[in-house]
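Student: As they're listed, the protein sequences go chains P and H. So the first sequence is residues 1 to 243, counted in the numbering used here. So the second sequence is residues 1 to 227, counted in the numbering used here.
Calculated directly from the structure, the hints in this document are not laboratory data. For every residue, glycine included, the Cβ atom is placed at its ideal position computed from N, Cα and C. Be a bit skeptical, because a hint or two may be false.
[To be verified] Selected chain P positions facing chain H (Cβ under 10 Å, derived; list incomplete):
| no. | residue |
| --- | --- |
| 1 | Leu97 |
| 2 | Tyr101 |
| 3 | Pro106 |
| 4 | Leu108 |
| 5 | Arg162 |
| 6 | Tyr177 |
| 7 | Lys185 |
[As the list claims (entries may be wrong)] Stretch-level coverage of chain P by chain H, calculated; a stretch enters the list once three of its residues show a Cβ under 8 Å from a Cβ in chain H:
| no. | stretch |
| --- | --- |
| 8 | 63 to 70 |
| 9 | 114 to 125 |
[As the list claims (entries may be wrong)] Now the in silico label distances, taken between C-beta atoms and shown as ranges:
| no. | chain 1 | residue 1 | chain 2 | residue 2 | range |
| --- | --- | --- | --- | --- | --- |
| 10 | H | Ala95 | P | Glu127 | 23 to 33 Å |
| 11 | H | Glu166 | P | Glu127 | 33 to 43 Å |
| 12 | P | Asp167 | H | Glu227 | 24 to 34 Å |
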Amino acid sequence: MTPPATEGAAARADAGTAPAVSLRGVVRRMGRETVLRGIDVDVAPGRLVVLRGSNGSGKTTLLKLLATRLRPHQGEGRVFGHDLVREADAVRAKVGLLGSYGGNYPVLSGRENLRLALSLTGKQRDEGAVDAALERVGLAGAADKQVRFYSSGMKKRLGLARQLLVDADLWLLDEPYAALDEQGKRLVDVCLLEARSRGRTLLVASHEQDRHDLVPDAVLELDGGRLRMAAFRPAAGATGGAW
Amino acid sequence: MVSDLAAVLAVARKDLLQELRSRAATVATLFFTGTTLLMIAFALGREQGVLERSAPGVLWVALVFAGVTAAAQSFQADLEDGALDHLLSYPVSRAAVYLGKMLAAWVYLGVLGLVLAPVATTLYGAEVAGAGAALLLALTVVLGAFGFATIATFYAALTANLQAREALLPVLMFPVVVPIVLAAVRATESVLGAAVGPVGDWLLLLAGFDLVYFVVCASLFHFVVDE
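Input sequences plus hints: build the corresponding full structure.
Tutor: What follows is the structure, given as C-alpha cells:
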C-alpha cells in the first residue's frame with residue numbers, strides 16, 4: 001500500500017521538494033456511490049506510475065480530481081505542493097489531462113485544437129511546434145481536417161499531440177492506448193518514456209497489461225475505491241515516503 | 001496563469017467557429033426564428049394596427065427562442081469527446097471561460113437580432129423613423145442580446161450535465177430573463193413610436209439589468225462548473 005506521509009503540509013508546500021502528487025484521506029462520491037474511499041498516496045516528481053483497476057473502480061475520477069475537475073469530498077490533495085481546492089489555478093498550471101475520449105472539439109481541425117490548447121496554457125503560438133507535434137503522432141496529413149471526420153484512434157493521437165505540445169509537469173492520461181493500433185501504442189510508450197526522461201511525472205490509467213517497452217516506476221491498483229501498490233521500483237536515491 | 005483576455009478571446013473564437021461550422025444548426029435557428037415571426041403574424045390576422053403593435057414583442061420572443069437553442073448547442077459541443085473536462089483543466093480562471101462563452105453567445109445573438117429586427121419591422125408594418133431610430137433599435141438589440149447571453153450561458157452550464165437539459169434550460173431560464181425581455185420590448189416599442197415612455201429610460205434600465213446579471217453570473221459561474 002501507499003507509503004505513509006513523512007512530511008508535513010508546510011514542508012510539502014515548498015514546490016521545490018514537494019511530491020508531484022500527494023493525497024491524504026481523499027474521499028469522492030459520485031451521486032450516492034462512494035468512488036474513492038480514503039486515498040493516500042505520494043508520487044515523487046519524475047516518476048511514471050501506472051494506475052490499474054476494473055471498469056468503474058475510480059481511475060478516471062482520481063485523474064479528474066488531480067486535474068481539479070472534481071473536488072474531494074473529504075481529505076486533501078496537493079500537486080507539486082499546491083492544494084487541489086484552495087490553489088486550483090496553480091495546480092492547473094502544472095497538469096496536462098488526456099481524457100479517454102481525447103478531449104477534442106469535433107468541428108475544429110486538428111491544428112485548431114492544438115492552437116486552442118496553446119492559447120489556453122499561456123504558451124506562445126508556435127506553428128512549427130504545432131506541425132512537429134502533428135507530424136510526431138502521424139497526423140500531419142489530416143492537420144486541417146475537422147476532428148469529427150477523424151477515427152477514434154486519430155482522436156487519441158491528437159490528444160497525445162496536445163500532451164506533447166503542452167508538455168505539462170504532471171501528465172494525467174486516461175486509457176491512452178484505447179482505440180490505438182499497435183504502432184500507435186508503441187508511439188504512446190515512446191512519448192511517455194521521453195517525457196519521463198525530461199523529468200515529467202506521469203500518472204497513466206490503463207488496462208493494458210503487456211506494454212513490455214514501458215517499465216513504470218510503480219503500478220497502483222484501485223479496488224473498491226481503495227488504492228494499493230501492485231508493483232514498485234524505488235527511485236535511485238529516493239528518500240522519505242514519496243516514490 | 002494565462003492572461004484572462006487571451007483566454008476569453010480564445011474561448012469566444014472557438015465557440016463562434018463552432019456556431020459557424022455547425023451550419024445545419026445555424027440554418028435551423030434562422031429558419032425557426034423566421035417561422036416564428038410568420039406563424040405569429042398569421043395568428044394575429046391582417047389588422048395592421050395589431051401587427052404593428054405586436055412587432056416588438058414578437059421580435060423578442062423569436063430572439064429568446066433562438067437564444068435558448070444556441071445556448072444549449074454551445075455546451076453540447078463542449079460535452080462531446082470530454083472537451084469540457086479539458087477546457088476546465090487549463091490554467092484559465094472560470095470567469096474567463098464564462099466570459100469567452102458569453103461573448104460568443106452575445107455576438108451570435110446580436111448578429112441574429114440585427115438581421116431579424118428589420119425583417120420583423122417590415123413584416124409587421126412597424127415604422128422605423130429615420131437613421132436615429134434605426135441606431136436606437138440596434139442599440140436595444142445589442143443590449144438585450146447582452147443580457148440574454150449573460151443568463152443563457154450561465155444556465156446552459158448549469159444544465160449541461162443533466163439528462164433533460166433541453167427541457168430544463170428554458171424552464172429554469174425564462175423566469176430569470178423576464179426583466180431583460182420586458183425592458184427590451186418596452187425600449188423597442190419606444191423606438192417604434194409607441195407611447196410607453198422615453199426610450200433612454202428603458203435603455204438605461206436594460207443596461208442596469210445587464211450589469212447586475214453580468215456581475216452575478218460571472219461571480220457564480222465557478223459554483224456551476226466545479227463539481
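Student: Each hint needs a verdict: does it hold in this structure or not?
Tutor: Going down the list of hints, with the structure as the test:
no., hint, result
1, Leu97, "holds (5 Å)"
2, Tyr101, "holds (4 Å)"
3, Pro106, "holds (6 Å)"
4, Leu108, "holds (6 Å)"
5, Arg162, "holds (8 Å)"
6, Tyr177, "violated (17 Å)"
7, Lys185, "violated (20 Å)"
8, 63 to 70, "holds (count 5)"
9, 114 to 125, "holds (count 6)"
10, H:Ala95 x P:Glu127: 23 to 33 Å, "holds (29 Å)"
11, H:Glu166 x P:Glu127: 33 to 43 Å, "holds (39 Å)"
12, P:Asp167 x H:Glu227: 24 to 34 Å, "holds (27 Å)"
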